[in-house]
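Trainee: Based on the sequences and whatever the hints tell you, model everything.
Number of protein chains: 2
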Amino acid sequence: MLEASAFLRAEKKRLTPQRSLLLGIIRQHGHLDADEIYRLARRENPRLSLSTVYRTLNLLKELGLVEELHLGEEHHHYEAKAEEHHHLVCLSCGKVIECRLTEDLRELGRRHGFTMVSAQVELAGYCADCRKQGENDP
Amino acid sequence: MLEASAFLRAEKKRLTPQRSLLLGIIRQHGHLDADEIYRLARRENPRLSLSTVYRTLNLLKELGLVEELHLGEEHHHYEAKAEEHHHLVCLSCGKVIECRLTEDLRELGRRHGFTMVSAQVELAGYCADCRKQGENDP
DNA sequence: CCTCTAATTGCAAATGGTTCGCAATAGCGT
DNA sequence: ACGCTATTGCGAACCATTTGCAATTAGAGG
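First to last, the sequence lines map onto chains A and B.
For the first sequence, the working numbering begins at 32 and goes up steadily by one.
For the second sequence, the working numbering begins at 32 and goes up steadily by one.
Since the hints were made in silico from the structure, they are not lab data.
Careful: at least some of the hints might be erroneous.
As the list claims (entries may be wrong) - Far from chain B, by Cβ distances over 12 Å, these chain A residues were calculated: (1) S36; (2) T47; (3) P48; (4) Q59.
Claimed, not checked - FRET-style restraints, in silico, Cβ to Cβ: (5) R74/A / P48/B: 50 to 56 Å; (6) P48/B / H106/A: 17 to 23 Å; (7) E99/B / K92/A: 20 to 26 Å; (8) K43/B / G61/A: 38 to 44 Å; (9) R58/B / Q59/A: 24 to 30 Å; (10) P77/A / P48/B: 50 to 56 Å; (11) A113/B / G61/A: 30 to 36 Å.
Said to hold, decoys possible - Here are the computed lysine-lysine pairs in the DSS-like style, where the Cα-Cα straight-line distance is at most 30 Å: (12) K126/B / K112/B; (13) K126/B / K92/A; (14) K112/A / K126/B; (15) K43/B / K112/B; (16) K92/A / K112/A; (17) K126/B / K163/B; (18) K126/A / K112/B; (19) K126/A / K92/B; (20) K92/B / K126/B; (21) K44/B / K112/B; (22) K43/A / K92/A; (23) K92/B / K43/B.
Think of the CB as a built atom: it goes at the ideal place given N, C-alpha and C, for glycine as much as any other residue.
Mentor: As structure tokens, then:
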């Protein structure tokens, strides 16, 4: 939470209780959507507004502390930005496996004369568990 | 257009002029958004409604003829589904390079015990042209 | 061909996620 | 502590997409 205040000061932004609460919540969970964040946050601060959630999410995104995901759903998901990583989504149980493919992807880009800066990757398929449990999946 | 009618009949769906028009348009362009499709289609049929565009897009998506893309923007993009391919988006000129990474990605998934069925991939970076033209990009 | 009926369309209104305007509140540099 | 300015909460606005409904039409069967 404290390093965040450095990021904020650097841009003349303020560290409000709402912001630390939200960042804290995002950091202790993976890929939440705005409404889930809102509901979790309200348990701590019932007066918090949804606009503040969205405004904070956008701020944290600009600061590079949080990443916005497009997991195929209509609405966005957010998660604390650690090292870049990618998602393997199981079509059977819905589990989202995180992994680092950055170097491999950079190499794939290079083969097309492309210099990769960042990657959004979502592989859909079946995780080891589901593959074991039943061969009845499509 | 004609093979489409087979897909449709198979589900008791009808091949209307609106549907062939829309499928035609999607097939002759790459990654259009709903509104672009709407505007192009209206040049042929000015009475066409936006709802029909969306309804048709959803239908074609279910039939597997069209694919919905989430290119980081707020709204969706659509394109005719040919062979699976992936996108390299240039941060400088906005060009979208298409390429096939399927087998490579399957292999990356395998390393995590994951059986990949399909992949959505968007690498952001710089294309060869932009890299050449100026080293003034971020 | 003509008829009948269920599928489809266009329209307008509803929806759901996200943003914005504004007056009230509250960080934080001094 | 003070004051300036960023931030909040609220409600309304916004935009992409969906839906209800009455009018239209594709296409199977006669």
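Trainee: Could you run down the list of hints and mark each one as holding or not?
Mentor: So, going through the hints one by one against the coordinates:
| no. | hint | result |
| --- | --- | --- |
| 1 | S36 | 26 Å, holds |
| 2 | T47 | 27 Å, holds |
| 3 | P48 | 30 Å, holds |
| 4 | Q59 | 24 Å, holds |
| 5 | R74/A / P48/B: 50 to 56 Å | 54 Å, holds |
| 6 | P48/B / H106/A: 17 to 23 Å | 34 Å, violated |
| 7 | E99/B / K92/A: 20 to 26 Å | 23 Å, holds |
| 8 | K43/B / G61/A: 38 to 44 Å | 42 Å, holds |
| 9 | R58/B / Q59/A: 24 to 30 Å | 47 Å, violated |
| 10 | P77/A / P48/B: 50 to 56 Å | 55 Å, holds |
| 11 | A113/B / G61/A: 30 to 36 Å | 34 Å, holds |
| 12 | K126/B / K112/B | 19 Å, holds |
| 13 | K126/B / K92/A | 24 Å, holds |
| 14 | K112/A / K126/B | 26 Å, holds |
| 15 | K43/B / K112/B | 22 Å, holds |
| 16 | K92/A / K112/A | 9 Å, holds |
| 17 | K126/B / K163/B | 15 Å, holds |
| 18 | K126/A / K112/B | 26 Å, holds |
| 19 | K126/A / K92/B | 24 Å, holds |
| 20 | K92/B / K126/B | 24 Å, holds |
| 21 | K44/B / K112/B | 19 Å, holds |
| 22 | K43/A / K92/A | 16 Å, holds |
| 23 | K92/B / K43/B | 16 Å, holds |
Of the numbered hints listed earlier, those contradicted by the structure are 6 and 9.
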